[in-house]
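Colleague: Go ahead and model the full structure; you've got the sequences and the hints to work with.
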Amino acid sequence: MKDGTCEDRLQCEERIGVKQGCIEFMKRCCLAYLNERKQRLQTFRWKFGEVLPSDIKANLCQAEMDWFNQYTTMLAEYQGSVGENGVNLMTNMKPPKSLFTQVRAIEDYGEFETSDGTVVLLKKNSVVSYLEPSDFV
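Numbering (full-length UniProt numbering), first residue to last: 1 to 137.
No lab work stands behind these hints, which were simulated from the structure alone. Treat the hints with caution; some may be incorrect.
[As the list claims (entries may be wrong)] Here are the simulated DSSO-like pairs of lysine-lysine, each with C-alpha atoms no more than 30 Å apart in a straight line: (1) 38 - 57; (2) 47 - 97; (3) 57 - 27.
[What the hints assert, rightly or not] Derived Cβ-Cβ restraints for the label pairs, each shown as a range: (4) 8 - 75: 54 to 62 Å; (5) 49 - 116: 31 to 39 Å; (6) 58 - 127: 47 to 55 Å; (7) 126 - 91: 25 to 33 Å; (8) 126 - 43: 18 to 26 Å; (9) 65 - 117: 28 to 36 Å; (10) 91 - 119: 40 to 48 Å; (11) 46 - 85: 15 to 23 Å; (12) 36 - 74: 14 to 22 Å; (13) 102 - 62: 47 to 55 Å; (14) 71 - 30: 19 to 27 Å; (15) 86 - 114: 50 to 58 Å.
C-beta: ideal position from N, C-alpha, C; glycine also.
Modeller: See the structure below:
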């Protein structure tokens, strides 16, 4: 482009366009990589809890450890803010196979009121079907 000809300028613009395209592609790849690592950290939080295994921790940089600790803190604050006693989101991570449970009474209990107000008579060795698991907590 030193001599200022149109042909040299066109080549220069094409090179700049190609380089810019490469830069944008590499930027997208880097962002996808960082997003994948963030997603894995979230998965590890739900899988292992607040403390990561040492082999995983050894492969994290300081910024990732900081992000993990902030995520853990935010999750704990949220769990503590729900209801009177808070809620533990780590319990019952897998849904039950059935919405209802079959119960066999091992001793005479008498009348038992379920969460929906239904009264069930529980006698020794009697089997009651279709009770919700939340009724027994």
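Colleague: Against this structure, judge whether each hint is valid.
Modeller: Outcome of the hint check:
no.: 1; hint: 38 - 57; verdict: 14 Å, holds
no.: 2; hint: 47 - 97; verdict: 20 Å, holds
no.: 3; hint: 57 - 27; verdict: 26 Å, holds
no.: 4; hint: 8 - 75: 54 to 62 Å; verdict: 58 Å, holds
no.: 5; hint: 49 - 116: 31 to 39 Å; verdict: 33 Å, holds
no.: 6; hint: 58 - 127: 47 to 55 Å; verdict: 52 Å, holds
no.: 7; hint: 126 - 91: 25 to 33 Å; verdict: 29 Å, holds
no.: 8; hint: 126 - 43: 18 to 26 Å; verdict: 44 Å, violated
no.: 9; hint: 65 - 117: 28 to 36 Å; verdict: 50 Å, violated
no.: 10; hint: 91 - 119: 40 to 48 Å; verdict: 28 Å, violated
no.: 11; hint: 46 - 85: 15 to 23 Å; verdict: 21 Å, holds
no.: 12; hint: 36 - 74: 14 to 22 Å; verdict: 21 Å, holds
no.: 13; hint: 102 - 62: 47 to 55 Å; verdict: 52 Å, holds
no.: 14; hint: 71 - 30: 19 to 27 Å; verdict: 21 Å, holds
no.: 15; hint: 86 - 114: 50 to 58 Å; verdict: 25 Å, violated
Figure legend: structure checked against the earlier numbered hints; hints not met, in rising order: 8, 9, 10 and 15.
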